[in-house]
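Participant: Assemble chain B onto chain A, guided by the hints.
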Amino acid sequence: VFLARLFYLLPEILRMRSQDKTRAAEGTRIGQRNRAHANIVAAILALLALPCGGAWARQTNPQQSHASRAAASSTHEVTDEIGRRVQVPQQATRIVSLAPNLTEIVFALGEGNHLAGDTDFCDYPAEALQKTHVGGTVNPNMEEIASLMPDLILATSINRRETVNALDRLGLPVYVTDPHSVEEMIMSVEHIGNAVGVEKTSKALSENLHARLADLDRRVSGSAQRRVLFAVWTEPLISVGRDTFIADALRRAGGRSVVDTATEWPHVSMEEIVKLQPEFVIFASAHTGDAQHDLETLRSRPGWRDLTAIQQGNIVVISDAVNRPAPRMVDAIEQLARALHPEAFASGASRSLSTITADHPEIESDMEEVCLCTH
Amino acid sequence: MHPLTVRRLLWTCGGLALLLLASVVLALKLGAVPVSVTELVLDLGRIALGRANELPSEYRMIIFDLRLPRILLGILVGAALSVAGASFQALLRNPLADPYVLGVSSGAALGSILALIIAPGLAVMTPVGAFVGAIATIAGVYFLGRREGQLDSTTLLLGGIISASFFSAIIMFLMTTLAGRDLRGMVFWLMGDLSTPISAGMQWVFTIGLIAATVAIYSTSADLNLLLTGEREATHLGVDVTRVKLVVYVSASILTALAVSSSGAIGYVGLLIPHIVRLIFGSDYRLLIPASALCGAIAIVLADTLARTIVPPTELPVGAMTAMAGAPVFIYLLRRGLR
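So the protein lines, in turn, are chains A and B. Heads up: the first sequence is residues 1 to 375, going by my numbering. Heads up: the second sequence is residues 376 to 714, going by my numbering.
In short, the hints are calculated from the structure, not lab data. Remember, predicted model here, so these are calculated numbers, not experimental data. Backbone N, C-alpha and C fix where the C-beta goes; we use that ideal spot for every residue, glycine too. Take the hints with a grain of salt, since some may be wrong.
[Said to hold, decoys possible] Between beta-carbon pairs, the in silico distance windows are:
#1 B:400 with A:269: 50 to 56 Å
#2 B:400 with A:165: 25 to 31 Å
#3 B:529 with A:305: 33 to 39 Å
#4 A:272 with B:468: 50 to 56 Å
#5 B:493 with A:331: 54 to 60 Å
#6 B:493 with A:161: 15 to 21 Å
#7 B:704 with A:312: 55 to 61 Å
#8 A:94 with B:416: 27 to 33 Å
#9 A:204 with B:401: 30 to 36 Å
#10 B:684 with A:126: 27 to 33 Å
#11 A:161 with B:711: 43 to 49 Å
#12 B:434 with A:165: 54 to 60 Å
Okay, chain A solo, but in the shape it has when bound:
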């Protein structure tokens, strides 16, 4: 393409030069000067461009620096969740996390001491705040990351693909996760455990999370699903699409989002919500500061005040962990399940029943029915 342009331009330039010459012959001084100037400027530009080209030519062998380091400590190849092949160390000791959920996973795996850097938004656990921050999730500072000399960088779908490519080009190993459901979040925990070199811990953690979710499922599967609105933001109203991990979390807590779109974070019309009348409105506690889910405020707002759920006070504020695909998300799901289905957690009897049925899933459904009848 470029050659084509050059071919187009060159004859133009040559023709103009020759025209300048003829004009110069006619005694037009402008042309003469112009030609001299054109040559000079071309020379200056070429001189300027040469070092540019030279500098760029040098950085076309990006794997060099990494290769030397890779040889020093033993590495092994893994495939990340978006299908890239990454050389990770046997035991990562300088991890940089590019998203809050990844930071939480690293700490949950007991590898917080090996975390060299995280983002401005990594606020859980409290130790995460003490780490070197490399900037935001969308525009982390490349220099800051490189200066930490990481042996493993963790990225996820909220990071830009361009960031991952740029780190790749520097020869830094980036493992990218891409969870779209609670199950995939648990798989990410296992994958990160493998990439970091703590398989046993991650296996145990994933089993524990699976067990808790199974218990939750036994409790809420008997009750009717609650029709809920999950509000990511209120002004404008942004909710969740069906393929997000939040929608999955709602389902696991015995709820079903009234918003059902393929768009991940749809901007929803309030009219539509008034028509659909959700039974519960759910907020994550992240925005408590601006009180946007304050009941009194919502009751006075047009649209919101027409929702039966708001009028009756059926508002659930759950931990902002629901926004982060990390182990703590299961806490938020349990919290939400208790709010949506208090009957399933009501009596000590229910708790013991489910403990009994844990080993005998075949009698579970009958037991659930008993619970519901007595309720």
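Facilitator: Chain B only, in chain A's frame:
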């Protein structure tokens, strides 16, 4: 103004090139990892002598794999936008013309987004799409601005502004409906951002394209001087107006497309730099074109250094910096010009 001589041209360009070198050194020095100038000069010397391996690897990575390519991209983008701006100002005989104001940047942005959607695997399609978008926009705006065979400056600028907002609306529409992973990073890119490095192939395309288009525009600079007096007058003085216009339109569109496809829509540089150069060095296009290229490069390098270091470790898009600095300067120039 003194008449332009080769000596004056050389002195001016040489001085500006030194200034550019100084800003490059400053930009290399400042950032997350501080380096002293002496250290930097010594290391550059080591690299020149082919002894780069002696440098610590993280240091080499930061200074020479991260900072330097970004600075070089900044030089190319700044030079391309300023030359494109100066060319549009001459062609349209309108001091307010620039790729951003005329909607050419938005057209190029839309073109590269469409290219990304149609052929996601082909990196080279992005500048081609941007070029098609740029040239289509300038043609459209030019025809919008023509009234009874004469270019009407107000209609022209309004046409540009309307095209820009129309294209932005289409871009928003595409980004909402096709909300995939590939287009999300675009919000940043649309503001004008140098933090994403371009591929090695694109670097060469950009470097050679910039030189070819600038030389092509420069070779018409004497004609552009005459064209500023009016198309009819230029024709009487022996200028082949149609051909000059064609060459400059195509070249300026190539420059805009190269800049936009590698760094998004960075505003105000193409508008302001030629103005400042005119104020300082006079409006002879034979000096204006090279001086604008150098000053544009200096401006972007400094603006991006500021964007990188103003709120560490977070980086701002350089487009935000140029707009913040550019808009007030522009208003100042406008008021000064009116008096």
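Participant: Indicate, hint by hint, whether the structure satisfies it.
Facilitator: Status of each hint after checking the structure:
| no. | hint | verdict |
| --- | --- | --- |
| 1 | B:400 with A:269: 50 to 56 Å | holds (55 Å) |
| 2 | B:400 with A:165: 25 to 31 Å | holds (28 Å) |
| 3 | B:529 with A:305: 33 to 39 Å | violated (48 Å) |
| 4 | A:272 with B:468: 50 to 56 Å | holds (52 Å) |
| 5 | B:493 with A:331: 54 to 60 Å | violated (45 Å) |
| 6 | B:493 with A:161: 15 to 21 Å | holds (18 Å) |
| 7 | B:704 with A:312: 55 to 61 Å | holds (58 Å) |
| 8 | A:94 with B:416: 27 to 33 Å | holds (31 Å) |
| 9 | A:204 with B:401: 30 to 36 Å | violated (53 Å) |
| 10 | B:684 with A:126: 27 to 33 Å | holds (29 Å) |
| 11 | A:161 with B:711: 43 to 49 Å | holds (45 Å) |
| 12 | B:434 with A:165: 54 to 60 Å | violated (22 Å) |
When each numbered hint is compared with the structure, violations occur for hints 3, 5, 9 and 12.
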